[in-house]
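First to last, the protein sequences are chains A and B.
Going by the numbering used here, the first residue of the first sequence is number 1, and it counts up by one from there.
Going by the numbering used here, the first residue of the second sequence is number 1, and it counts up by one from there.
The set of hints was computed from the structure by calculation and includes no laboratory data.
Take the hints with a grain of salt, since some may be wrong.
As the list claims (entries may be wrong) - The calculated SDA-like cross-link candidates involving lysine to any residue, where the alpha carbons are at most 25 angstroms apart (straight line), are:
| no. | chain 1 | residue 1 | chain 2 | residue 2 |
| --- | --- | --- | --- | --- |
| 1 | A | K111 | A | K331 |
| 2 | B | K210 | A | E98 |
| 3 | A | K286 | B | T297 |
| 4 | B | K120 | A | K331 |
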Amino acid sequence: MNTKKRVAIALGAGYTPGINSIIMGVAISAHNMGWEVVGIRDGFEGLLFPEKYPNKGLIDLSPDSINKLNPLGSDAMGTAASVDPFNVRTTNEYGMIEEEDMSDTLLANLKKENIDGVIAIMMGRGLSILHKLNLKGMKSVCIPRTIENDMAATSVAFGFNTSLSFSIEMLDRARQAAISSKKIGVVEVLGSQAGWLALQSGIAVLADAVVMPEFPCDVKALAAHLKTKITPEHPHAIVVVAEGSTFTNLPGTTKIDNDDIKKALSPLANEDDSEFVIDKSGKAAKVLSMALQQLLADEVYPLVLGPWSRGGDATAVDRQLGLAYGAASAKAFEQEKFSTMAAFVGSHIEFVSLIEVLNKARTVKADNGFLNVARALGIYTGA
Amino acid sequence: MMENQDYLDIKGRVINIQRYCGEDGPGTRTTVFVKGCSLRCKWCSNPESIKPKPELDFNKKVCKGAAECGICLKEPFPQGAFYVPDGEDDLVVPNWDLANSCTEELASLCPTGAIGMFGKVMTAREVLDEVLKDESMYRNTGGGVTISGGECLLQPDFTAAILRGAQESGIHTAIETAGNVPWEFMEKVLQYVNLMLHDNKLMNPERHKKWTGVDNKRILENFQKAYQTFPHVEFITRTPLIPGINANEEHIRAVLEFIKPYKNVIDYELLPYHRFGLGKYEFLGKVYELKDFTSPTPEMLKQFRAMIDDAFGRTTV
Chain A
1 MNTKKRVAIA LGAGYTPGIN SIIMGVAISA HNMGWEVVGI RDGFEGLLFP
51 EKYPNKGLID LSPDSINKLN PLGSDAMGTA ASVDPFNVRT TNEYGMIEEE
101 DMSDTLLANL KKENIDGVIA IMMGRGLSIL HKLNLKGMKS VCIPRTIEND
151 MAATSVAFGF NTSLSFSIEM LDRARQAAIS SKKIGVVEVL GSQAGWLALQ
201 SGIAVLADAV VMPEFPCDVK ALAAHLKTKI TPEHPHAIVV VAEGSTFTNL
251 PGTTKIDNDD IKKALSPLAN EDDSEFVIDK SGKAAKVLSM ALQQLLADEV
301 YPLVLGPWSR GGDATAVDRQ LGLAYGAASA KAFEQEKFST MAAFVGSHIE
351 FVSLIEVLNK ARTVKADNGF LNVARALGIY TGA
Chain B
1 MMENQDYLDI KGRVINIQRY CGEDGPGTRT TVFVKGCSLR CKWCSNPESI
51 KPKPELDFNK KVCKGAAECG ICLKEPFPQG AFYVPDGEDD LVVPNWDLAN
101 SCTEELASLC PTGAIGMFGK VMTAREVLDE VLKDESMYRN TGGGVTISGG
151 ECLLQPDFTA AILRGAQESG IHTAIETAGN VPWEFMEKVL QYVNLMLHDN
201 KLMNPERHKK WTGVDNKRIL ENFQKAYQTF PHVEFITRTP LIPGINANEE
251 HIRAVLEFIK PYKNVIDYEL LPYHRFGLGK YEFLGKVYEL KDFTSPTPEM
301 LKQFRAMIDD AFGRTTV
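This is chain B alone, in the form it adopts within the complex (with noise of 0.2 angstroms):
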């Protein structure tokens, strides 16, 4: 048991902690998404984790509509943020630029909870209390638990701070990022790290600027500084696999030569793209750019895993 624990007073931007993951590391874990994000993948899942700060959602399933509520048509209500469109109900809908300007304590005032906000403040002590929660499973399963995002790292006191508890309390510890973040700040946190698991979403620089906004050189470099640097922590990487953007052979070759030398580098693995974070979008206003693309075809799949399967000596099954 520490005895002194201060370093969990640090405060962070969180969206979810979701109990119960089997995606993010092994075994049964907890995955906690904290809030922000250094690059705008055209594809992203997650478009509530872009933004550093708490921003305005909206649910009209639980709005009761003009008649019965109508509260944010009035002030303290920005004028034009809500409004009913023409139709058969009386639902309230945002004006997503107008209502962005909305606080915290405003969408408070809703009384249905149907305009709210995503991300919330938490001390990583309160994190911490909740990842305890299923200590007895990560033991039982080989599980633990993963900071995810938005990135991880753009936080890194506080994630290193979760992290630093989690494994004073003997649990297995992983983040998963996109290593866009000075050196420093990756250095920071794994320090209590067991298992990285890193995005290489495109290896040419060019293309990596236009489909995520930044070029690969920095995170390239940090990626093999840290397998330098941290021969005792483990390395997953992985691929968002999407047709027309790095769906090819050559893309994977080139993971494949990128992580050769480096034995702790454990696997890489394929994420076939979805699309499951559409309709999140709506929930924020946003607008997705990718629409037009499809999923990988599971003939692409297995073809890819089985270059990666022979790359680590593995039998493909």
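Next up, chain A with everything else stripped away, as it sits in the complex (with noise of 0.2 angstroms):
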């Protein structure tokens, strides 16, 4: 039975290319079955502050300014710096910040709105998040989107295509740079939990190694890997090395013991003051090929990819796949399967259990079939 519904679309934190598509996907399916779909301003930002936006912090998302949309960008609703309506950082009455519990406040807006549930455009927090909204009662279907691939029980987030394009574009780039120049370039792919992007950027350029999260790289093991690879012919090399990655048999390396003046300065500190903390985008290029320099004659250089992989325009899979994603979404609403995320398992989408996903992470495993692509390829990935 088709019971006329008002849903409305939430989009989490952080940039994605080609959101607009998946928005396309939900609305269309849904104009379909006779329902009206709202885009919700700035994650959840427009219900939470509907008195500082137009149209009470909704979005029109009728057939109309559907077909006004561009399917390559992620313009149609904003985003916000965080989706966490139980952490909402507000002033007080004596002009003292705090962070308040504002669940309630969305809550009731949503129902104020006549809204009977959310589609969610989420990765990593927005998962938790959601399911605590999810258990004070708010109906929703979530959609799985990161550039990085590392979500649970789907084959294929929504991003990892576009971010995955770009990233074999640059290293080409890279390469032809390495070439140019005689020397190893270590380029730096996102990545902090999962080396997908790395690992399939790295075999599509034929890269000479590929550093990722889930295998800890010998440095001393890759160096002597690459001194095979690099003769008077084939002067160069190209190492991909994912932001996430750690690094054992690292030349040089002491510590400095500073414990008293940490905990003059901050107390209850426990961690070193160092590289390894501190700098996230970049860090893993840097420390690699700085290590890589001590134990190699030839010139080793960091290059890092970082946040220009999350820009751009979608490529025609994760168009296909948002609009895919969007369909099925409304279809899953309307069948009530709520507290579900849409994954893409085989040749189909199912939806799984949000409880049974948001605590995982989908990553490369010893016998993942990319890594045996990678060995006959002749790239080193120290798994």
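Using the supplied hints, reconstruct the complex from the two chains, each of which is provided in its own coordinate frame.
Structure follows, in structure tokens:
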């Protein structure tokens, strides 16, 4: 039975190219069922602070407005730095900053706007926030999006293909630079806990080595491998390293004991002040290139793709995936498959329980097929 | 000796009492770190002091793992609050968004102490008892007690009670404050203060708001009122010096200009930005927002300290 509903789309923190295609998928599918669709501005901010926005914080996603959207972009709804209605930073009556639980306000405003539920485009912490809102009675279906492809249960998250394509293009350019300068380029790509982007882009450009968070990199073993690859005829190399990678056998590292200073400045301080703790973006490339430089005669230099990979236009694959995820999620909502996340399994989309996936990551296992491909091509992975 | 010390029954939220400190006032001191802050400075090195209420912390180094323990993986802990990630060991990690709802009572079920709480409620008397343990040391070194935070003026009655008790025992008293409180709070505490260490983080109101969450209008007004209303209190202004934010001559000059008319502002100290608190962000499941900033160079510090020495009529060594 098809009862008319009003559904809202919410977008989690962070930028992913081509989100508009998901919005179009949800809206067109929902319109075909006779439903009304709105977007919540800036994560949940539109409904937490409706007085700050036009149209009470909601965006019209009627068929007319959907027709005007650019499916390559992500500009339809705006984003927020944080989408946590349980910890909203506010200023109290004394002019002091505090964090307030405004989840009840969000739920009340959803009800006030006659919104039956939310289709949420989320990743990372957003899944836990969504789960907490579900426990408080919000009806939701989640669409996975992450350019690192590390969300459990789904073989492809929205955004990964776009980032992969960009990374490959940039690695090709880095390779050309390495060839012309006869140097070793260490290129850092995104991937804090999973090495999919490094592995798949590294394979595509026939990199000499790929370093991933799943397999701590023995730097001396990597250097030994590179020595076998670098010859007078082939005086260059490309190493792709995921930003979350860790290293063993680093040459020349020392630990400075400054516990007393630390305690004086910051009680309960418990970790080193070192580059390993601090500079996330660029850290892996910097550490690895410096270490390799000490072990190799050839010049090694770091490059960081980092946030460049988050921009641009969606690829054809992501456009299709976005429309598919959107349309399937509207259907799942109709079937009352609440508190679930869409997952691409085999050749179709399934809906898995959110609580079953929110603490899991999709990582590269030692027996993964891509690793076998890399081995066959002579690419060092350390796995 | 006081006849009536009922005022010491007042309770407050304390993170830590640290003995033998040498940074927060003259001599060797005991520093009481209280919980709760009214700013959100992006460089904060004491993230455990920000929220007023006790909050969960997790020390993975003492967790015994799911096979040997695993208590937090089952009820009454919230579903998904703790889990074992893929990897070589079976050590538990928290999902902070779900685990933060754990109460102190729930945390106490963890037999290894891996799950704990930052912050506890104490009476001013209990704090003072700790402080008085080193009474003779204060006398020998010219030290005393310093109430720090967080923002100690967010608990004005509690802070005032500790300081009053200390002064009645003849102990030198100091506070560290950022000054973002109603004047009444500051006024209440300053009656029992010998030395106030206070921040001048940024002099430009818009930039102050960008980096700390609020503008500095009330803060600067409070400091000026404090200098004027409490002429016998000594003041030391401080800047946490961060390259790219406030480590420039313009800021140093503006602060020197601000304090110039007041003789009871006895010094201007620079605190070089450091990252020693970073590990605690992980401890608390918080995100450090200033990760790409560096510490000021020795040359930079030397240059700015020479400006300050010049303003105070001192010779730079």
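Violations among the numbered hints: 4
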